[in-house]
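Asker: Residue numbers (the numbering used here), protein chains in the order written: chain A, 239 to 419; chain B, 13 to 165; chain C, 17 to 674.
The set of hints was computed from the structure by calculation and includes no laboratory data.
The beta carbon of each residue, even a glycine, is placed where N, CA and C say it ideally should be.
Mixed in with the good hints there might be a few duds.
[As the list claims (entries may be wrong)] Cross-link-like lysine to aspartate or glutamate pairs, in silico, DMTMM-like; alpha carbons within 25 Å at most:
| # | chain 1 | residue 1 | chain 2 | residue 2 |
| --- | --- | --- | --- | --- |
| 1 | C | K400 | A | D349 |
| 2 | C | K400 | C | E463 |
| 3 | B | K97 | C | E537 |
| 4 | C | K607 | C | E590 |
| 5 | A | K418 | C | E398 |
| 6 | C | K558 | C | E537 |
| 7 | C | K607 | C | E248 |
| 8 | A | K281 | C | E398 |
| 9 | C | K549 | B | E49 |
| 10 | B | K97 | C | E325 |
| 11 | C | K607 | C | D661 |
| 12 | B | K145 | B | D110 |
| 13 | B | K54 | C | E590 |
| 14 | C | K400 | B | D110 |
| 15 | A | K281 | B | E49 |
| 16 | C | K131 | C | E248 |
[Stated by the list, open to error] Far from chain C by the CB rule (all over 10 Å, computed), these chain A residues:
| # | residue |
| --- | --- |
| 17 | L258 |
| 18 | L263 |
| 19 | T265 |
| 20 | K413 |
Below, each chain spelled out in residue letters.
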Amino acid sequence: MKRFILIIPIIVFIIIIAVLSVMTLQTKEGRNPSIVPSALLGKEAPNIELPMLARNIPGGFKGSDLVGRVNIVNVFSSWCVPCLAEHPQISWLATNGFPIYAINHRDNVSDASNWLKKHGNPYVAVGFDPEGRASLEWGVGGVPETFIINASGIITYKHIGPITKEILKEKILPKLHEAKR
Amino acid sequence: MKIIFAALIMIFLSPSFFLYGDKLVFASTSNKTSISEEIENKERQISKLLRCVVCQNQSIYESNADIAYDMRLLVRERLLAGDNKDQVINYIVARYGDYILLKPPFQANTVLLWMAPPLMVLIALMIVILLIKNYQHKNIYQKTDKLLNPEDK
Amino acid sequence: MIPEIGLFVLFLALIIAAIQAVVPMVGAVRQDVYLMALGNRLAVIQFFLVTISFTSLIYAFVISDFSLLIVYNNSHSLKPLLYKISGVWGNHEGSMLLWVLILSMFGAALAIWGKNISPTLKARVLSVQSMIGVAFLAFILFTSNPFLRLNPVPSDGRGLNPVLQDPGLAFHPPLLYLGYVGFSMAFSFAVAALIEGKIDDKWGRWVRPWALAAWVFLTAGIALGSWWAYYELGWGGWWFWDPVENASFIPWLLGTALLHSSVVVEKREGFKNWTVLLAILTFSMSLLGTFLVRSGILTSVHTFATDPERGLFILLILFVTIGGALGLFAIRAPIIKNNFKFAPVSRESALLYNNLFLTIGCAIVLLGTLYPLFLEFASNGESKVSIGPPYFNITFLPIMIPLVAAIAVGPMLSWKRGVIGELYVKLLFAAGSCLITIFIVLILVPEGPILAACSMGLAAWIAAGCLIEWASRIRLFNSKSITNTGRLIKSSKSANGMTLAHLGIAILIVGITGASAWQKEITTSMAIGETIKVNNYSLTLKKVQIGKGPNYNLERGTFSLIKSNNSSIIMHPERRYFPVARQATTEAAIKTTLLADFYLVIGESRDTIDNKNEWTVRFYINPMMFWLWLGVATMVLGGLLSLSDRRRGISIPVRKKA
């Protein structure tokens with residue numbers, strides 16, 4: 239009994255070290271401690287009304303518009319640098335037959351319109367969210383974020399951060415196909 | 013601060029500013045408006061319980077990030093809509109998950125977290141009783157006991 | 017050239033440390049006086065070499081040698097000298113070098129001043145201390161070389177994070193490290209004793225000053241960090257239960273337990289295994305703290321630019337040193353016998369109680385800090401929780417109440433068996449002052465909360481208990497009636513230090529209670545000439561000036577704060593903008609009085625609809641803040657007083673360092 243008590247410290251210690259090592263290794267391989275799984279996964283897309291950005295940009299949508307096919311919702315801002323970095327991937331998705339809706343997060347009309355004019359507008363519709371109020375309904379933490387919504391309007395996947403080419407291939411496309419099934 | 017400034021501009025630009033009038037303005041102007049101290053205290057109380065999701069371990073009350081500011085506004089909006097504290101918190105948890113709660117709820121994945129402290133106290137008390145029994149000398153109250161040399165004390 | 021010298025002597029230091037890790041130990045085994053004495057010299061040489069290396073790094077920062085990567089990344093030619101120097105430890109590489117410097121300094125201090133320690137034990141301690149040194153020197157040289165050159169040489173540096181450019185934060189890390197690393201001495205003593213298989217009262221007497229010195233530094237370091245957070249972050253708060261704060265608080269709790277349990281070893285040769293275990297755990301928690309800050313596996317406001325690779329290396333060090341020590345403990349502890357008895361009411365029981373509660377408190381903080389990681393691990397990343405101040409307030413604080421309440425009783429008890437009858441009279445007096453205090457507080461602050469009044473009563477109970485104990489100790493000494501009471505503690509510096517530190521806790525409680533229960537806050541925007549009212553005070557914004565500091569631009573507000581009785585003070589909060597870092601900081605204006613801090617922060621200005629300029633203003637009234645800092649300062653003074661006790665063999669090094 240006494241022997242056993244004396245071994246407890248080292249056992250607890252080894253467990254702690256083991257867990258910390260695994261977590262450190264995961265961090266090394268790209269785990270980001272501040273990324274959290276969305277609470278909205280498996281739930282219906284929020285049905286908040288997003289107004290149109292400008293008259294010459296197709297826009298204005300709400301959650302209930304996102305049924306009938308697999309849709310992507312991308313949160314972006316003109317002031318967000320990573321959004322520009324993922325823009326080619328977003329455009330690629332659009333030209334390859336995936337409808338993408340946009341939530342224009344905490345932006346203003348002229349900046350956002352110019353940004354779309356300059357870099358191309360791949361979006362089916364752009365919803366304007368200048369105060370980030372609608373983004374709160376979508377559980378958005380920051381830009382960019384990307385949601386995949388299946389044909390019944392259920393959110394099946396959320397990606398936080400820019401979509402790189404690798405992420406597009408390894409995560410987004412498989413998840414899109416999964417959503418189609 | 014810059015962020016708040018930017019947020020302010022956006023609010024003034026946005027239609028809702030005119031819709032809500034002076035009620036939905038920047039949190040700081042509240043004492044000049046009709047918002048009661050009660051709402052403001054509740055807002056502060058709730059804000060301290062919610063984590064700023066993009067920040068590193070700050071509550072939305074302490075953080076200067078956009079999202080924290082937006083969430084404080086949301087808290088106020090819900091309070092003004094008549095929600096009580098729990099309803100406001102549930103509203104936000106439904107959108108951001110339990111992760112947003114700085115005080116995790118008691119549920120399957122936090123059983124250990126909440127049960128460990130009282131259990132530890134119980135175990136400790138048992139250890140105390142056992143040890144003291146163990147160490148107790150039967151004749152310790154006999155006056156013949158040699159007292160320790162005062163120099164050692 | 018100088019950086020290369022710095023790197024070279026660091027290599028030399030590693031070699032010396034490796035020799036020191038082996039030779040004195042061999043000497044102790046063979047009872048070879050010469051080899052054991054060699055350990056002393058090696059320890060001093062090692063310290064000397066690391067000092068040269070550290071000095072050369074400071075030199076590179078002072079002359080702004082941007083050919084060094086570390087200087088380029090963390091300094092700027094326009095920075096004031098103080099922050100050029102503090103930039104040395106404002107980053108990972110430099111702070112690790114400081115860590116090793118302090119480690120070798122403690123080794124050298126023992127070698128020079130620890131003359132009364134038995135030579136074999138001392139040789140073993142130096143050996144163990146140097147093993148840690150080898151690990152960390154290797155860590156620096158192989159993963160975190162501070163002397164990396166940059167080619168081509170940039171014309172200017174990237175500057176230090178402006179939030180860190182602050183006198184409080186300049187001295188916070190060195191103090192904290194003196195505390196963290198100071199516990200390495202207790203660790204080395206514990207491991208050496210396990211190897212030797214002998215723990216007696218002398219061991220307790222030898223290890224205590226080192227633990228006490230580390231505790232004093234750690235207390236001061238934590239307090240300085242907290243003070244910095246208070247005035248710099250601009251939220252009127254001073255403790256946020258952030259993982260990095262917890263990482264320093266966990267060793268503090270264990271270190272405090274160690275201080276108390278080592279007394280039992282010293283006076284009664286009891287709790288030996290437990291004290292050894294505490295010594296090992298305290299240092300392992302210091303190491304764990306170092307790991308958590310640098311690995312990037314937890315999110316925290318304070319993390320350095322993190323690197324999992326380095327995290328793994330620190331984990332390896334942790335595994336070898338602490339795992340080795342705990343393994344040794346499991347094997348060797350059975351041969352160390354406790355052979356003492358005590359009554360349920362006795363000083364020993366009180367110290368046992370103290371240790372259990374401190375350990376539980378520490379376990380809770382550790383659990384709350386690591387739980388998110390364990391959950392993420394167990395659920396494979398699917399489930400995450402946040403554990404913030406509300407959790408710790410609910411779980412940790414209730415555990416601390418019975419602990420601090422016992423402060424009044426513990427020192428009154430005599431060793432072996434306490435005399436209960438006499439205790440009643442004294443405690444009745446303490447209970448009386450507690451009730452009176454609660455009553456007075458309820459009259460003065462009728463709006464409550466009642467818990468705050470009770471908490472003030474608790475402080476009074478502790479303070480009264482300490483003072484009664486002290487008074488009776490002094491009187492006893494004069495009348496020389498030692499035997500008829502069983503109260504045997506001579507009034508010594510060491511005992512007075514204890515009383516002072518305990519009084520510090522009482523004062524601290526007053527501060528914590530006032531600042532958290534009665535804080536008043538108002539956030540508003542003000543135009544020039546505008547006045548707001550808070551309680552009996554009216555605050556007026558007089559003017560806002562724009563100016564320039566050494567490496568920043570500033571906006572400086574002038575406010576007048578007028579109390580109802582018309583005494584007025586002027587306050588100048590500032591907002592600073594650092595162009596190099598493109599970052600703004602707030603400098604709160606804090607007016608400290610005995611009863612409350614007035615804490616004022618000015619934010620960004622904006623134009624209102626009617627074209628008036630308005631500034632965001634946050635104003636806090638933090639009651640009793642002064643007592644919070646005074647309490648910690650009293651605790652530190654108590655520790656220093658106890659350290660200066662001449663009867664303790666090794667009191668000199670601390671004074672030399674300070």
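Asker: Hints first: check each against the structure and report whether it holds.
Answerer: Here is what the structure says about each hint:
1. Taking the CA atoms of K400 (chain C) and D349 (chain A), the gap is about 36 Å. The hint is violated against a cut of 25 Å.
2. Straight-line distance between C-alpha atoms of K400 (chain C) and E463 (chain C) comes to about 39 Å, which puts the hinted pair past the 25 Å bound.
3. A threshold of 25 Å between alpha carbons decides the hint, and for K97 (chain B) with E537 (chain C) the separation of about 20 Å falls inside it, so the pair holds.
4. Note on K607 (chain C) and E590 (chain C): the hinted pairing holds, with a Cα-Cα distance of about 14 Å set against a maximum of 25 Å.
5. Between the alpha carbons of K418 (chain A) and E398 (chain C) the distance comes to roughly 23 Å, so the proposed pair stays at or under 25 Å and holds.
6. Distance check on the hinted pair: K558 (chain C) and E537 (chain C) sit about 21 Å apart at the alpha-carbon level, within 25 Å; holds.
7. Taking the CA atoms of K607 (chain C) and E248 (chain C), the gap is near 14 Å; set against the 25 Å cutoff, the hint holds.
8. Taking the CA atoms of K281 (chain A) and E398 (chain C), the gap is about 16 Å. The hint holds against a cut of 25 Å.
9. For the proposed pair K549 (chain C) and E49 (chain B), the alpha carbon gap of about 14 Å is at most 25 Å, so the pair holds.
10. Proposed proximity of K97 (chain B) and E325 (chain C) is contradicted: the alpha carbons are some 44 Å apart, above 25 Å.
11. A distance of roughly 37 Å separates the Cα atoms of K607 (chain C) and D661 (chain C); the hinted pair therefore is violated under the 25 Å criterion.
12. Our distance criterion of 25 Å between C-alpha atoms is broken by K145 (chain B) and D110 (chain B), whose separation comes to about 45 Å.
13. Between K54 (chain B) and E590 (chain C) the CA atoms are separated by roughly 29 Å; this puts the pair beyond 25 Å, and the hint is violated.
14. For the given pair, K400 (chain C) sits about 8 Å from D110 (chain B) by alpha-carbon distance, which is consistent with the 25 Å threshold.
15. As the CA atoms of K281 (chain A) and E49 (chain B) are separated by approximately 36 Å, the hinted pair breaks the 25 Å bound.
16. This hinted pair does not check out: K131 (chain C) and E248 (chain C) have alpha carbons roughly 44 Å apart, beyond 25 Å.
17. With a least beta-carbon separation of about 6 Å from chain C, L258 (chain A) fails to lie farther than 10 Å from that chain, contradicting its non-interface assignment.
18. At the 10 Å boundary, the C-beta of L263 (chain A) falls inside the reach of chain C, the nearest C-beta of that chain being 7 Å off.
19. T265 (chain A), annotated as away from the interface, has a beta carbon of chain C within 10 Å; the closest lies near 4 Å.
20. With a closest Cβ-Cβ approach of about 16 Å to chain C, K413 (chain A) is found to remain outside the 10 Å limit, as its non-interface label requires.
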